[in-house]
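Asker: Sequence:
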Amino acid sequence: MRFLRSEEQRQLAATVHELLSDADVPAAIRAWGAGEPGPGLEVVRRLAKVGVAGLAVPERFGGLGADPVDLVVVFEELGRHAVPGPLAESFAAVPALLTGLGDDVAGRWLPQLATGDRPASLAMPPHVPYALDADVAAPVFVVDGDRVGLAAYFGLASSVDASRRLGAVDGTDLVADGPSVAPAAARAFEAGVLCCAAQLLGLGRGLLEQATAYVRQRRQFGRAIGEFQAVKHHLADVLVALEFARPLVHAAAVTGAPRDVSAARVAAADAAYRAARAALQVHGAVGYTLEYDLGLWLTKVRALRSAWGTQSWHRDRVLAAL
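If you count the sequence shown from 1, position 322 lands on 371 in my numbering, and the numbers rise without skipping.
I should point out that these hints are in silico values taken from the structure, not numbers from a laboratory. Model, not experiment: these values are computed from the prediction. Incorrect hints may have been included.
To be verified - Label-pair distances were calculated between CB atoms; the ranges are:
(1) L371 - V335: 42 to 50 Å
(2) A63 - W362: 41 to 49 Å
(3) R351 - H282: 40 to 48 Å
(4) V303 - A334: 39 to 47 Å
Note that beta-carbon positions come from the ideal geometry of N, C-alpha and C, so glycine has one too.
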């Protein structure tokens, strides 16, 4: 199995990275957390213009019908820039869910999702009990056993990451029910977990880049602190963890097996958490301040580490599969 990106995937990653580098994403994150989603929605629309919103949407509904590996490539860049919004839900899980419910259901919503005018979201209890950004997203779905409904929005639950607005929802208007729901929901869940793993991988990469840049310019005892061996070792350990997690994420995209998806999620979350701890440590006291951008990445790692199933649950699923 080859884990090297194709030339097209490298170009796709470079395009998304360049777009996000020019978009002032930190300002969009802060605005999103303050209840002003306009700048963040504009970032989503820019991503849609380069095809990101339609990657998982079949071609017959106006999307690109891309490979899951392409999704992983994009979501690593989305995580690298800590882009706010229900991205795993709108770009991956909802398209997988609707496609599995048949063309009549999919044709109602997928063409508009491919345009990226507004993101979608969903709740899938017990592992996804809240619909992310339900006050901004449209449509919002609730999967409850063998039933899928459109959500009625009740209010926000607290989150460690202010830009992750957790909506308490309930499915009221019936969208689909019956035996087709369970397999469609299973595919949607795996797609969400996979993209969450790729986001965490990207978040770790973004944290490592920020930490590396900081230790090159921060001076102590007349030297850049990045010249000290202890600092080098911390950051080298982060790099090793990320490089070991990346093949697992790509392998999960290729196989789609629940065991592989969970293994990728565990490895990526652990690597991102290691990156967060190391980045905070090398930044010292400045890393704790709300004004410093590093905190936007730190809190997102903390939040995503328990999103789409806990680490313990995913470890148990790997063990059961073995």
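Asker: All hints, please: hold or fail.
Answerer: Against the structure, the hints come out as follows:
1. Roughly 44 Å separates the CB atoms of L371 and V335, a value that falls within the hinted 42 to 50 Å.
2. At roughly 35 Å, the beta carbons of A63 and W362 sit outside the given window of 41 to 49 Å.
3. Taking 40 to 48 Å as the suggested C-beta distance range, the pair R351 and H282 does not conform, at roughly 24 Å.
4. Separation of V303 from A334 is about 43 Å and conforms to the stated range, judged on CB atoms against 39 to 47 Å.
In this structure, the hints that do not hold are numbers 2 and 3, in rising order.
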